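Student: Listed below, chain by chain, are the residues.
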Amino acid sequence: MTTEKNMPENQEQDYEIDTLTNDRLMKDHEYDGIRELDNGPPTWFNWLFILTIAFAVFYLVRLFVFRADDLMQRKEYEKQMAVAQRMAPAADEAGLFEVKLLTDNQSLDNGKQIFNSICAVCHMADGGGLVGPNLTDDYWIHGNTIADLYRVTTEGVIEKGMIPYRDQLSPQQRLEVSSYILEELVGTTPANPKEPQGELYAQD
Amino acid sequence: MRSSRERQIPMQKNNNLNLNYMELQKFTYDNKIARLFLNATVFWGIVAMLVGLLIATALVFPTLTSGISFLSFGRIRPLHTNAAIFAFVGNAIFTGVYYSTPRLLKTPMFSELLGKINFWGWQLIILAAAISLPLGYTVGKEYAELEWPIDIAIAIVWVVFGLNLTMTMIKRRVKHIYVAIWFYIATFVTVAVLHIVNSLAVPVSFMKSYPIYAGIQDALVQWWYGHNAVAFFLTTPFLGLMYYFVPKAANRPVYSYKLSIIHFWSLIFLYIWAGPHHLLYSALPDWVQALGVVFSVMLIAPSWGGMVNGLLTLRGAWDKVRQDPVLKMFVVGITAYGMATFEGPLLSLKTVNAISHFTDWTIAHVHIGALGWNGMLTFGMIYWLLPRFYKTRLWSVKMANAHFWLATTGMLFFAIPLYFAGITQSLMWKEFTEEGFLKYPNFMDTVVQILPMYFIRIFGGLLYISGVVLMIINVIQTTRTGKFVRFEEDQAPALKPIGESNEKGHRIIESKPLLFSLLALIVILIGGIVQIVPMFMVKSNVPTIASVQPYTPLELQGRDIYLREGCYNCHSQMVRPFRSEVERYGDYSKAGEVVYDHPFQFGSKRTGPDLARAGVKSSSLIYKNSVWHYNHFLDPQKMIPESIMPPYPWLSKRDINLSSTPKKIRAMQKLGVPYEEGFDQRANEHLLQQAAQIAQELRDAGIEVEDNKEVIALIAYIHRLGVDIHKTE
Numbered sequence: 005m006t007t008e009k010n011m012p013e014n015q016e017q018d019y020e021i022d023t024l025t026n027d028r029l030m031k032d033h034e035y036d037g038i039r040e041l042d043n044g045p046p047t048w049f050n051w052l053f054i055l056t057i058a059f060a061v062f063y064l065v066r067l068f069v070f071r072a073d074d075l076m077q078r079k080e081y082e083k084q085m086a087v088a089q090r091m092a093p094a095a096d097e098a099g100l101f102e103v104k105l106l107t108d109n110q111s112l113d114n115g116k117q118i119f120n121s122i123c124a125v126c127h128m129a130d131g132g133g134l135v136g137p138n139l140t141d142d143y144w145i146h147g148n149t150i151a152d153l154y155r156v157t158t159e160g161v162i163e164k165g166m167i168p169y170r171d172q173l174s175p176q177q178r179l180e181v182s183s184y185i186l187e188e189l190v191g192t193t194p195a196n197p198k199e200p201q202g203e204l205y206a207q208d
Numbered sequence: 252m253r254s255s256r257e258r259q260i261p262m263q264k265n266n267n268l269n270l271n272y273m274e275l276q277k278f279t280y281d282n283k284i285a286r287l288f289l290n291a292t293v294f295w296g297i298v299a300m301l302v303g304l305l306i307a308t309a310l311v312f313p314t315l316t317s318g319i320s321f322l323s324f325g326r327i328r329p330l331h332t333n334a335a336i337f338a339f340v341g342n343a344i345f346t347g348v349y350y351s352t353p354r355l356l357k358t359p360m361f362s363e364l365l366g367k368i369n370f371w372g373w374q375l376i377i378l379a380a381a382i383s384l385p386l387g388y389t390v391g392k393e394y395a396e397l398e399w400p401i402d403i404a405i406a407i408v409w410v411v412f413g414l415n416l417t418m419t420m421i422k423r424r425v426k427h428i429y430v431a432i433w434f435y436i437a438t439f440v441t442v443a444v445l446h447i448v449n450s451l452a453v454p455v456s457f458m459k460s461y462p463i464y465a466g467i468q469d470a471l472v473q474w475w476y477g478h479n480a481v482a483f484f485l486t487t488p489f490l491g492l493m494y495y496f497v498p499k500a501a502n503r504p505v506y507s508y509k510l511s512i513i514h515f516w517s518l519i520f521l522y523i524w525a526g527p528h529h530l531l532y533s534a535l536p537d538w539v540q541a542l543g544v545v546f547s548v549m550l551i552a553p554s555w556g557g558m559v560n561g562l563l564t565l566r567g568a569w570d571k572v573r574q575d576p577v578l579k580m581f582v583v584g585i586t587a588y589g590m591a592t593f594e595g596p597l598l599s600l601k602t603v604n605a606i607s608h609f610t611d612w613t614i615a616h617v618h619i620g621a622l623g624w625n626g627m628l629t630f631g632m633i634y635w636l637l638p639r640f641y642k643t644r645l646w647s648v649k650m651a652n653a654h655f656w657l658a659t660t661g662m663l664f665f666a667i668p669l670y671f672a673g674i675t676q677s678l679m680w681k682e683f684t685e686e687g688f689l690k691y692p693n694f695m696d697t698v699v700q701i702l703p704m705y706f707i708r709i710f711g712g713l714l715y716i717s718g719v720v721l722m723i724i725n726v727i728q729t730t731r732t733g734k735f736v737r738f739e740e741d742q743a744p745a746l747k748p749i750g751e752s753n754e755k756g757h758r759i760i761e762s763k764p765l766l767f768s769l770l771a772l773i774v775i776l777i778g779g780i781v782q783i784v785p786m787f788m789v790k791s792n793v794p795t796i797a798s799v800q801p802y803t804p805l806e807l808q809g810r811d812i813y814l815r816e817g818c819y820n821c822h823s824q825m826v827r828p829f830r831s832e833v834e835r836y837g838d839y840s841k842a843g844e845v846v847y848d849h850p851f852q853f854g855s856k857r858t859g860p861d862l863a864r865a866g867v868k869s870s871s872l873i874y875k876n877s878v879w880h881y882n883h884f885l886d887p888q889k890m891i892p893e894s895i896m897p898p899y900p901w902l903s904k905r906d907i908n909l910s911s912t913p914k915k916i917r918a919m920q921k922l923g924v925p926y927e928e929g930f931d932q933r934a935n936e937h938l939l940q941q942a943a944q945i946a947q948e949l950r951d952a953g954i955e956v957e958d959n960k961e962v963i964a965l966i967a968y969i970h971r972l973g974v975d976i977h978k979t980e
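Going down the list, the protein sequences come from chains A and B. Under the working numbering, think of the first position of the first sequence as 5, with each following residue one higher. Under the working numbering, think of the first position of the second sequence as 252, with each following residue one higher.
No lab work stands behind these hints, which were simulated from the structure alone. Hints may contain errors.
[Unchecked claim] Below 30 Å or equal to it, Euclidean Cα-Cα: the simulated DSSO-like pairs (lysine-lysine) are:
1. B:Lys690 / A:Lys83
2. B:Lys978 / A:Lys83
3. B:Lys426 / B:Lys790
4. B:Lys841 / B:Lys978
5. B:Lys509 / B:Lys681
6. A:Lys116 / B:Lys681
7. A:Lys79 / B:Lys978
8. B:Lys856 / B:Lys690
9. A:Lys31 / B:Lys747
10. B:Lys579 / B:Lys734
11. A:Lys31 / B:Lys889
12. B:Lys889 / A:Lys116
13. B:Lys681 / B:Lys283
14. A:Lys83 / B:Lys367
15. B:Lys841 / A:Lys83
16. A:Lys164 / B:Lys690
17. B:Lys904 / A:Lys164
18. B:Lys571 / B:Lys734
19. B:Lys904 / B:Lys914
20. B:Lys921 / B:Lys841
21. B:Lys422 / B:Lys763
22. B:Lys763 / A:Lys31
23. B:Lys747 / B:Lys509
24. B:Lys509 / A:Lys31
25. B:Lys642 / B:Lys422
26. B:Lys690 / A:Lys116
Note that the structure is a prediction, hence the values are computed from the model and not measured.
So that you can see chain B by itself, here it is in the shape it has in the complex (with noise of 0.2 Å):
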């Protein structure tokens, strides 16, 4: 326990000064904590990369785990970004934290037992998410996939580890916080605020729940979420780490305490406005769009302070640069930091995301900031400290020269090739041809065109792993090598209680951590509140379509198989108001169609197709009948022979969840879709009819299937898709 370890030694006497003051006082930090953290960072990250390279592989041979519903595509890309972020990362950040928090406020961390709790309680969290996923409980919201259990373990680990952090900056012996610190603090607040109100859900059943807001309103909180959580959860606290891993291997002073204020505060209040720049062109009304191109234009400089006050620590320090693989993994992480938020703001312009959006150039995009800036910082990080940790010197300096360039090289061979295939498929996508037709209008042609581009991507990953496969064999040689050092002893005199002080400015802020954690929370607030609130206040925001009715109960059922196997990953539901795209998908989408989507479905990426007109039969490149549907998501290659979609013979097999069908109309019911009194219970029997139709249809077809099974509730809901609107034509 912290409170006996610490001992009070009297300094030498020193007889005319305040000796309540000039006490030093002897405490132990505990580094058991944040080498638990490394070792789940090291476990994590490679987890999380080789499910990224089974998933890239998948898309070049879909049919690579052909009939294993818990390996398809679909299932499994959540897990990779979630075991990326929250489990990569994640546990990166709690490393950094639990090793800097304490030196930086000259004090152990407040409660080992939280941290054991922050521990325990965030790798259960991962090993939930990690079963969870892959067997088809999700929400359906990318980034926020993991369902309402998890969601609330998530809610109370993390207040842990805020309560953890405050109470060690209340037992502080430095008078004022770092701008680590800093960053800490805002990461905590704002992640908090972030993951309870985008993942507020009524729920169906244990493992099902349905999100309260609905169509438009739900993408808005979702990106308000999605954006923030790469700003809050990749950025600030890894700015955080930067700020203390930096000047302490260079050994150098931070470049500038002033730049340091003005970007934190302008970085943590300007980013919460930038979600809608993912919604661009979307039924998203104009002036929410506006805020999020400027907010994010003008968020170019805040970021771009963190890059200078991190390369500029390094001046007089370069010498040192060339020889450090530590600090050189800095520096190209700090330098991937400034790229990948200088095209951020390129990308939310309207002319550009026109072109980017819905490609790979987006993979590309978010792969520089995560193998380059979380992934290099990461890297660093654990070679600089394993060292400490162990008392030893780093076990192969080469080895870890070598993981640097394999990162390198292998972050370039994963973009390049993702930027041209994104721009490419984009220009072919519009194009058009001399007469007024789209040029490919086969969707087809435009994946074949890229493919070549994946194999290179799939290069670029195994290089990358195979760095971090060197860094393992680094760190279990160094933990070799060496002796851990659970405890550290240092020294410091205790805090001055405060009193009367002529201090000015932003000092006094940084001596009072409860206000400034109030601060900050008054700050990231002020964006999200004037975006989302007028979305749900005011009705010209979400105009409604009369002719716009709920989801029958089949359709009902087949939308949660949608969600289950992950459809939204491939397939975007949101026609952009361009003339490519009405042309290839039909009318574009309106706010008032998506009003009882809870969750909405627009997607963010159009590895196939757009759907929300796949109902439509005509005007539309998409359409398909029954009997084309049950035979392409059976086996998509015997439709469409170079097809990249894995096959889901299990629709076939299995039968609808009838049970379950009047626990969610009355879980509707709750969030205000209008099924009248008493629906749930005659919901089934109007589901039992609508089925039997569309079996009817595939057995005149020839096909062998009984009403019951969920490709009939998938093929409804596909059928409704996009056709309400045209309904009082």
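If we strip away everything but chain A, and leave its shape as in the complex, we get (with noise of 0.2 Å):
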């Protein structure tokens, strides 16, 4: 270790200098031949530490004695729950909505984005049906037309396992989606079809 004894005629002063960085060592410090030197903490990490309690009190003067609201997580989410409301306000339930088979590119592209990304998870790509019903055949569950389709979507039927989708997908993708499944996909000849289901319909 680089040091030296303090010049002799210092002698009132018993300590030692570091020689590399001239700051005085700590006397009788010394382990396995490490030495500490005789610094303070920097400034600026005094500064830091004072800063983070000073936030700490303030946070916890906040909760505790002025019962802030945005440190109450149940009155932050009912404020975010009040700011959200729904842009479209269920306007097919306030008649509003003409529900009426889209036939269109666009919603049917727009159908079999939705269709591929939530249906497909029980009714397959192709509509074969797996734990859902065979979407691609002329037999019916719960009706055929665009209205019992966008029915099934908009309040699913809870005690198979179909949930309502009332409030992931808007009136307009549930009509998109139902138009898609009777346009495109019933009539075609799936992968692995599910046996048919419920009552069979005429093919119009």
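Work from the hints to combine the two standalone chains into their complex.
Tutor: In structure tokens, the structure reads:
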């Protein structure tokens, strides 16, 4: 270790200096050759510590004394829900939304995307059915009009495991996916079709 | 034996001084135990990393180990974390402690026998973990998965270690204990307390038990433990190692003695309070969460105190750092520590945590700590120690430098993609369309998006591991070129009997190691007591919900299968009170819903969707019927082609262990779960009835399955999740 005894003329000063940094060494601090310097913590360190403690006090006072809403998660949640109002507030339930079969390419493309990302989990991407029924044949459990399909996607068939999509898909999206099923899937031949379920509806 | 190796030799005639004081005593250090631990560190290090590589690969190739139950992700991920923390880092701690402690205290370790028990006991525990975890023996609490017989062994071996350390301090020839030893003391006392309190459980049978705590209380105890395992297993012992090996390797004095006092005491006091930041926005009361936030923020300075003292010790030695791979590794390790301990408080802010929690951000964060701080410091220590053990030079400095660069770039390639993945996925989970619907209602869309990042992470891991392979070659070659020096001689005067002393302040307790240990114990107990005790004593912290009932026997068996397969490693059960989560998963989770959950299963990562309301048929995107679950468990990709969940084909083949049902019910009764008197005897009857119904449902859909298969129990459990709260409506 590069150290030197301080000059003999400073005899009253009883410490050594680290020559590389000119810092003072702690007296009698030597452990297996390791020495320690007599430096204090850097100033910025002290300020950082003080600032974080101040933050902590401020934070806790806000919660325990002032009961600040943003520190109570239930209030935060209620506020969040109040702000987030549906942009299209249940237009269909108010009767303003017309449920009719869509046939334009844009709508059917949208419908296909929704089908593949949500419905395919149970009905398979080709509509052949697996957990949910086959959607390509002419047998239907809950009817085969656009209004029937729209109703099932909206309200679900909870006892069969078909969940309602009222809260996950907009009315337009539900109509698009229902139209996609009727326009594009019905009549195709899936790879592994599930056996027919429900009643036979005449082909139109 | 120690006593036989110690001889007293009188110093040259020094007639006018106290002879007792000036007598130099000769003694020897035994390098054998440190070298054993070093070998174990290298061995378990590469094992832990290869297991990590396996599970990282399984995430992108989910059918990689299909059909082999003991290689499935949920069972192997705990093996990776346990091996990395307790085997790799654990053995590294012991290596450093057994090497530095005798030298700092100028005495051999107290007992060679205790050292041996410590070493072989620890290796046997690791071996037991490496066998039992893949076989599915688990408590189901992260980083505390090991079952009760192994937990007891850990406690015993840890106390053996502590005893050896303490007795060595008592036998010392140096009046004051150095800061490295302070950190060793804090490590010993705190890990002992954490491990014992968190592992308390009621055994059901050999290798199966239920924790005595339930639900939110269990969660608080677990994360008090889990967070402080980070603090007192991955941090404080390594700060101790830093305080020994950095000044040694650089041959420079420690930057600031005063700073080491300040940051030591503030670090151990504050750390213990920070656990609740793992449960932000959970059902934990606001006041506990707030304590978790503020104490985490206050930890920045004490943590950085360690970094400052490490880096500024290198002042005047930076020219050496450029050439010496050991110092380079220390510098990157300490810098990684600084980064991780800045990021930790950041992640503890509720606004940040709302985004980061349950994502790969957490995985990135912990690997900066593990690969950077623990890994680099360990590698540096190994490269420094080996030539000293073998009285030779490191076989290849070039190779060590290459290791340094591989490790550094590997760490970056590992962490940076995961930061991207975490933030990307979280923002996708939270995004709404203009109409006010979730933009990505299908969870799978958010997984597919980040899969490329998982590939890059594998590349990063490969770089890091190839560095370790270079190290192994270097270790073997260095060992071959030198000759192992088992005993090193040293001499020091005996310790002056403690008499009158005019010392002041901290210097006093530095000369009283037992008092020091006691003070450290008191300091680390405070935070835990303030947070945990009210959670058990004050009823308003866990408001009860009348409709919440205990699990049926079938559901309980299903839950144990859920634990065994480690489902909690990828699926959380905690809907946070955010609009985006309530829309996706259903009503947010309440503390009163999980009062019979021994252990809690909140999870910490959503590689797959949250399952807290997987049984609720309405208002959730998560509910699936029995037929779907059956198909999905056996072959997830059949139901969701892009799924990264591994298949569980054995669930339809293995029978539910009916003989365990009464024992499990009785254990639960002991824990206060209100099954009626004598229900244990009727439990299987009830179980079979419920199983028959589910099996019939499956058979109606054309699935051939028997009533008593494990998959039936698991489906029953999944369909129970989150439903009780809806029953009164």
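Student: Tell me if the straight-line CA distance from Lys690 (chain B) to Lys83 (chain A) falls inside 30 Å.
Tutor: holds, 21 Å
Student: Is the straight-line distance between the alpha-carbon of Lys79 (chain A) and that of Lys978 (chain B) 30 Å or less?
Tutor: holds, 25 Å
Student: Would you mind confirming whether the straight-line C-alpha gap from Lys856 (chain B) to Lys690 (chain B) stays at or under 30 Å?
Tutor: It holds: about 21 Å lies between the C-alpha atoms, which stays within 30 Å.
Student: For the pair supplied as a hint, Lys164 (chain A) and Lys690 (chain B), is the alpha-carbon distance within the 30 Å limit?
Tutor: holds, 26 Å
Student: Check the hint pairing Lys642 (chain B) with Lys422 (chain B) against an upper bound of 30 Å on the C-alpha distance.
Tutor: Measuring from Cα to Cα gives roughly 28 Å; hence the hint holds.
Student: Verify the proposed pairing of Lys904 (chain B) with Lys914 (chain B), using a straight-line Cα cut of 30 Å.
Tutor: holds, 23 Å
Student: Straight-line Cα separation of Lys509 (chain B) and Lys681 (chain B) no greater than 30 Å?
Tutor: violated, 47 Å
Student: With a cut-off of 30 Å on the C-alpha distance, tell me whether Lys978 (chain B) and Lys83 (chain A) pass.
Tutor: Between Lys978 (chain B) and Lys83 (chain A) the Cα gap is close to 27 Å, so the pair holds against 30 Å.
Student: Is Lys83 (chain A) within 30 Å of Lys367 (chain B), Cα to Cα?
Tutor: Since the Cα atoms of Lys83 (chain A) and Lys367 (chain B) sit roughly 61 Å apart, the hinted pair is violated (cutoff 30 Å).
Student: Checking one constraint from the list: CA of Lys921 (chain B) to CA of Lys841 (chain B), max 30 Å. Satisfied?
Tutor: holds, 24 Å
Student: Within 30 Å, alpha carbon to alpha carbon, are Lys747 (chain B) and Lys509 (chain B)?
Tutor: holds, 25 Å
Student: With the threshold set at 30 Å, check whether the alpha-carbon distance from Lys681 (chain B) to Lys283 (chain B) stays at or below it.
Tutor: Status violated; Cα separation ~56 Å.
Checked against the numbered hints given earlier, this structure breaks hints 3, 5, 11, 13, 14; the rest are met.
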